[in-house]
Structure formats: C-alpha cells, structure tokens
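There are 2 protein chains.
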Amino acid sequence: MKTLAPLILASLACFASTAHAADAPAKPVTMQQVLDASKPSDWRRPDPNDTLYLDLPAGRVVIELAPAFAPLHADNIRTLVREHYFDGLAILRVQDNFVTQWGDPEAEHAERARAFGKASRTVSPEFERVSGPALTFTKLPDGDVYAPEVGFANGLPAARDPKSGKTWLAHCYGMVGAGRDNGVESGSGAELYVVIGQAPRQLDRNIALVGRVVQGMELLASLPRGTGALGFYEKPEQRLPIRSVRLAADVPAAERTPLEILRTDTPTFSALVEARRNRRDDWYKVPAGKIELCNVPLPVRAAPARAGD
Amino acid sequence: MKTLAPLILASLACFASTAHAADAPAKPVTMQQVLDASKPSDWRRPDPNDTLYLDLPAGRVVIELAPAFAPLHADNIRTLVREHYFDGLAILRVQDNFVTQWGDPEAEHAERARAFGKASRTVSPEFERVSGPALTFTKLPDGDVYAPEVGFANGLPAARDPKSGKTWLAHCYGMVGAGRDNGVESGSGAELYVVIGQAPRQLDRNIALVGRVVQGMELLASLPRGTGALGFYEKPEQRLPIRSVRLAADVPAAERTPLEILRTDTPTFSALVEARRNRRDDWYKVPAGKIELCNVPLPVRAAPARAGD
Numbered sequence: 001m002k003t004l005a006p007l008i009l010a011s012l013a014c015f016a017s018t019a020h021a022a023d024a025p026a027k028p029v030t031m032q033q034v035l036d037a038s039k040p041s042d043w044r045r046p047d048p049n050d051t052l053y054l055d056l057p058a059g060r061v062v063i064e065l066a067p068a069f070a071p072l073h074a075d076n077i078r079t080l081v082r083e084h085y086f087d088g089l090a091i092l093r094v095q096d097n098f099v100t101q102w103g104d105p106e107a108e109h110a111e112r113a114r115a116f117g118k119a120s121r122t123v124s125p126e127f128e129r130v131s132g133p134a135l136t137f138t139k140l141p142d143g144d145v146y147a148p149e150v151g152f153a154n155g156l157p158a159a160r161d162p163k164s165g166k167t168w169l170a171h172c173y174g175m176v177g178a179g180r181d182n183g184v185e186s187g188s189g190a191e192l193y194v195v196i197g198q199a200p201r202q203l204d205r206n207i208a209l210v211g212r213v214v215q216g217m218e219l220l221a222s223l224p225r226g227t228g229a230l231g232f233y234e235k236p237e238q239r240l241p242i243r244s245v246r247l248a249a250d251v252p253a254a255e256r257t258p259l260e261i262l263r264t265d266t267p268t269f270s271a272l273v274e275a276r277r278n279r280r281d282d283w284y285k286v287p288a289g290k291i292e293l294c295n296v297p298l299p300v301r302a303a304p305a306r307a308g309d
Numbered sequence: 310m311k312t313l314a315p316l317i318l319a320s321l322a323c324f325a326s327t328a329h330a331a332d333a334p335a336k337p338v339t340m341q342q343v344l345d346a347s348k349p350s351d352w353r354r355p356d357p358n359d360t361l362y363l364d365l366p367a368g369r370v371v372i373e374l375a376p377a378f379a380p381l382h383a384d385n386i387r388t389l390v391r392e393h394y395f396d397g398l399a400i401l402r403v404q405d406n407f408v409t410q411w412g413d414p415e416a417e418h419a420e421r422a423r424a425f426g427k428a429s430r431t432v433s434p435e436f437e438r439v440s441g442p443a444l445t446f447t448k449l450p451d452g453d454v455y456a457p458e459v460g461f462a463n464g465l466p467a468a469r470d471p472k473s474g475k476t477w478l479a480h481c482y483g484m485v486g487a488g489r490d491n492g493v494e495s496g497s498g499a500e501l502y503v504v505i506g507q508a509p510r511q512l513d514r515n516i517a518l519v520g521r522v523v524q525g526m527e528l529l530a531s532l533p534r535g536t537g538a539l540g541f542y543e544k545p546e547q548r549l550p551i552r553s554v555r556l557a558a559d560v561p562a563a564e565r566t567p568l569e570i571l572r573t574d575t576p577t578f579s580a581l582v583e584a585r586r587n588r589r590d591d592w593y594k595v596p597a598g599k600i601e602l603c604n605v606p607l608p609v610r611a612a613p614a615r616a617g618d
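Going line by line, the protein sequences match chains D and Z.
Okay, so the first sequence: first residue is 1 according to the working numbering, each after it adds one.
Okay, so the second sequence: first residue is 310 according to the working numbering, each after it adds one.
Isolated chain D, as found in the complex:
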C-alpha cells in the first residue's frame, strides 16, 4: 500500500530511512538521524510543577504549562487543580478543525456551578509578554504570514515583534489556551481549549495561551465533533467526563508519566528544523526548502523514571 512513508509530523513517531545525502555523508539529514545523534543534554524534563495530567477514560493527556508567558494563569490553574476543580467536569465542545474545550457544564448557572475556592474567577490578560526573565528564542528562517518573526521560545512556538519588544505564543496544533468571554479580563483557566486543526493564528494576542499538550493529543483530537453551535455537545450524555486533573508534582512517582522534550535552543534542534525544511529521502522530489512555524515537530520521548519524578 502507499504509505506517504516519510511524512511524520509533530510527533516522535519515527520512520526508517536509508537516505544519506551524497554530499554530506556524515551529517544527519533526516529527522530520525538528528534525533538518533542527539545528546542527553538536548532533552529537558518538564518541571512537575508545570505539568498537568488530564486523565480521561481513554487515557492520560500531559500538558506542560507555560509560566514564562502566562504566570498568572498558570498559578490560577495550579490552584484550581489542587482544589480538584476539574475532577468530574467534562469535555464540552469539539469543533472540527478548531478546538476541543473542557470545563464546567454548569459554569453559567451560578447556583449549580462548581466553586472556585481560592482560585480567581478572572485573571489579567496575558496575551503578550513584554517583560520577565530572558527567553531563549530560536528564530525560524522562512518568515510568517502573521508576525514579523516566529520561532521557539522556551520550547514553545512563538512570535515576536522586534519593534515593540513583545513576544507571544502562537496557536499551533496542541497549544492550550484559557477560554474567555468578551472582556479581556474574563478568562480564568477554569475553561481550557486545545487546538486540534489548522493553526488558528488569528487568535494570537487575543487570548491567553497557557501551555501545550506534550502527550495524548490523539485523545483530544479524535473525539466526536459536537453538533451544536460552535461544536458544543448538545446532550449532557455526549460530554466526555474528566476523571481528574492533577499536577505531576502532587502525583506519586509511580503514577507519573516521565517525559523528555527536545530543547529548542540547541544545535540539535536547528538541525532538526533544517532536516524538515529540506527532506532528503527517496520519497521527496521537491523539498520545500521552507518550513512554517506550526509544521515544526517538537519531539517528546519517554524518560526513564528517576528519584524525584
């Protein structure tokens, strides 16, 4: 059967390749070769205090929070999680080629809505980043339709404007954001969405992105689409229950999902980008020579458990 074989995107799924560029026999040229040649220091372990486990009946989704961009939202989400706010809530909305969203089905009914406890009901907008500790920023070479510059900041797809000095996260596949109403201060992190289709970059700078799904995207992307307006499920029984959301730091070591994520500020990552810009295998006839921000894979791999995980 035809396999489109070399076309693995945005995952660590690997493919066999026998291709070596004749003019650079010793240089890694495929993504797999780049990863095979990577060093342990090319990988990082997400901080357990920034790692959420969204446990669904079908399995676990692992989300890495982005406190470098959305510290207030990350704090509020940690508070919500520690109060077990999400446990027993549900996935409410799956809109094809757009987002999967979860939260409290009764959020709009004050008398039935789940209590926020110590968490805030609204959080200041964190749509752009103008200050804070220095970010690493690995700029991509091929430009972008939406922003003056794009690349990877602290491991996440991001854009920036050298004129204003602002940096912001980009709505690529797998990015997680905090739903809001019309007011810019109306988000809280109690209702979250994840991008499951073509990157809706028009959302950039309009809503707080708070993290990224680093494992389990297939569980959120393969759900039945809601048939109501905006992809909301129309009947309560269509909603998918959330067993629990926990912070990895609060989970016993034996129940954790130890992962390593490829750093984006290393020569290895730059080599991976280059390998994806110019595919060199038998299948490709016209290498693109370019890459768009949201087409750059961010490899994740299982890590051996170790003390403290």
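A few chain D residues that face chain Z, going by a derived Cβ cut-off under 7 angstroms, partial list only:
#, residue
1, D96
2, Q198
3, A199
4, R205
5, N206
6, M217
7, E218
8, A221
9, P224
10, R225
11, W283
12, Y284
13, K290
The calculated label-pair distances, taken between Cβ atoms and stated as ranges, are:
#, chain 1, residue 1, chain 2, residue 2, range
14, D, G228, Z, R552, 26 to 34 angstroms
15, Z, D470, D, G132, 38 to 46 angstroms
16, Z, E583, D, A254, 53 to 61 angstroms
17, D, P57, Z, A424, 38 to 46 angstroms
18, D, R45, Z, R391, 51 to 59 angstroms
Straight-line distance between alpha carbons at most 27 angstroms, and here's what the computed BS3-like set of lysine-lysine pairs gives:
#, chain 1, residue 1, chain 2, residue 2
19, Z, K475, Z, K448
20, Z, K448, Z, K599
21, Z, K448, D, K290
22, Z, K472, D, K290
Worth flagging that the hints you see were computed from the coordinates, not collected in a lab.
For glycine and all other residues, C-beta sits at the position ideal for the given N, C-alpha and C.
Chain D is already provided as a structure; the job is to place chain Z on it using the hints.
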C-alpha cells in the same frame, strides 16, 4: 461558559454577530454578514461527474474532484468507482495531525488484492499544472511561507510561481490526495488520503492532490488514531469499512446530497477573505490583519434538490 464564540473556521457553521463597524455601517463586516448578503450567483453546484460519495457506517463524506489539476487521476478514480473498486475496502490509517487514508488492505498481496479492471495501476504525476484551460486565480494579499503566491484557483487552495507559470494545489485541511510509493508514477488514486491536521505544505508538488472534502470532514478527522507505524491500524478489526464510493452522477436523485459551494472568483469571496483578515466583533481585540491560505474558509451549504441532480 467561555465559548471563543466568533471563531468558526472552515465550515458553514454560523455565529450570531451584532457588530457593525462604525465607519462602514452598510458594508458587511463579518463572515456571516457576507454570506447573508451573497447572491445565488455567488454559489456553484459541483458537477455530479466530479463528485464522490464516500459512504461510511457513520455517514456520507462528499468529495469534489479537481479535474482542472489532476485530470488523469480524476479519470482513473471515476473508473475505479464505477467498477465498485472501493466498496467494502477500508480506512487503513489515521495519523494524528496528518492524514486519514483509505484503500485496499490487501493491496500489497497480489493474489488477494482487488482487481483494477479497466483502471490504471499507475497514473502520470500531476503534481503541478503547466497548461490546460485558463484557471481563475484569486490571489491572497498576505503572502505565504512556502510559495511565491497563494490563493484560490477554481475554488481550491492553490499556489503558483509567476516565473515558471506553474500552479499547484495546496495541502490544506480537507484536501484529498492520491498516495504513491517512491516513484513519481506510482500513484493511481486507488489509495487516497485526506489532510486532518496542520497543513502539511511540504507535500505540495510532491504528490497529486485530486480533490477536496466538501462535507463530512468530521467523519474522517474524528476517527481513532492508528497505533502502528505511520498511524496504520495494527489489527484488521480496527479498520473502518467503506460501504461504497459512488459518483454522484451515478446515484439516483433522491440519494444525492445537493450542495452549493461559494465561488472563489467573486467580490463576495473577496469580502469574506477581508472579513476574516480583520475580524470585527466584540471578542477580537487585535485583528490579525492577515490570513494564511489554509485558514480561509470555503463555505458549503445545502442546496435545494432540482431536476437533474
């Protein structure tokens, strides 16, 4: 609950909007207003000879072939369909954020593979278009990472190079292509894939795109992801059976799915693009002012049945 309310993408799902730009009160400014103001002549009915019905247990997927770009593949697919080649075959592969693919599970076993009948086993590559009847081309204003120019050609997302005079279809969400092996002549249309994630534009000009799903994408995008290499289903029972694939022209009028698709060579379409470049509703705070090719919706609506459909 937070709804990200104005964010409907790539479908005809509509949203209520009360926003009118103060400086242009009579001019449509939201996508819905543009569609509401459209004329019957802004819409076209796909040719029944170019329309496939992929009937699955969960419902019907409607695919419009693109003979202006891939006439040989379209012809071969029509032949395969008329020989009932696909009936009883299966969806074989669902790779998250990439493609859903269908065909003959036994294609690689000559003794068990389904016969091609009068159809060809290979079709000449139709990766780019250099000649043929004139195309309409509505160029987008914001550029592209991958190609010198992008826009919509005969209703489909496309790219072109003014220097070479070549035009090619772009791998946006919902685009359907003909799988091939390593040889450029190895595709036939007997194994087809559809894009279900971030546009894999690196495939452009490397494989023949043969059409677009115009209805039913959610049936192909919400399938369980395959756990084998490249997202192939590992067990035969995981495959989703195809009831039948038929050409609309061969289906009795009462069994057809009459649709209208917004033309892309009209002022109405240009107004829609503009409405999406600069969202004007209460939710958006920073309109993008730009749009990427694969973020432009291609509205489809039910059409009243009429004689000859």
